[in-house]
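**Q** Between the sequences and the hints, there should be enough to build the whole structure, so can you do that?
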Amino acid sequence: NLILPYLEANERHFGISIENELLTVDGVRKDYKDVYRKIRPMKLAVLADIHANYPALCAVTQHIESWNPDRVIVAGDVVNRGSKPLECWQFVKEKEKTCGWRLVRGNHEDYVLTHKNPNRSHDPVDEAIAQSSFWTYNKLGDAVNTLETLPDTLSFDSPRGEIRITHASMQGNRVGIYP
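According to our numbering, the sequence shown is numbered sequentially starting from 987.
Where hints are given, some of them may not hold.
[As the list claims (entries may be wrong)] Have a look at the derived ranges for each label pair, beta carbon to beta carbon:
no.: 1; residue 1: ASP1020; residue 2: THR1135; range: 42 to 48 Å
no.: 2; residue 1: ALA1114; residue 2: ILE1004; range: 58 to 64 Å
no.: 3; residue 1: TRP1053; residue 2: ILE1002; range: 24 to 30 Å
No lab work stands behind these hints, which were simulated from the structure alone.
Think of the CB as a built atom: it goes at the ideal place given N, C-alpha and C, for glycine as much as any other residue.
**A** Put into structure tokens, the structure is as follows:
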């Protein structure tokens, strides 16, 4: 039921002929159900850049749950900058445990983790820039250790092939942020 409207939209928007290009296999015109019957649509929700905004996280979660996706991916930056880093972190970790949400590390998790390193820069300019992440580090307490367990990338199979999720790029969380 979902395939034919999708094919028609491709024909309208991109000029891809349903008859001549999408439903013709080895020179024989097939019914769309025969050509696309093995492809099951996958609903994927990707949520990122929460930045410790707990009310927004709760609102978005309500919407996601009403939509009932096959998978939910939280693609980084759960913590830092907002007022409720621990609440947001505990929320997504609970969803990971109870609902199968998958989590990826973002650059703001990396910023918070820098405060675990006693050899980090203590230059006054660097310290001023890092005030927010230091505050978040202190708010998270022992939970900060679980940030280290987050992968930089998730990869999984879908009905249409491999899907890869990162926060920034396949090259890392900081690549492309600054020139």
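**Q** Could you run down the list of hints and mark each one as holding or not?
**A** Here is what the structure says about each hint:
no. : hint                          : verdict
1   : ASP1020 - THR1135: 42 to 48 Å : holds (46 Å)
2   : ALA1114 - ILE1004: 58 to 64 Å : holds (59 Å)
3   : TRP1053 - ILE1002: 24 to 30 Å : holds (28 Å)
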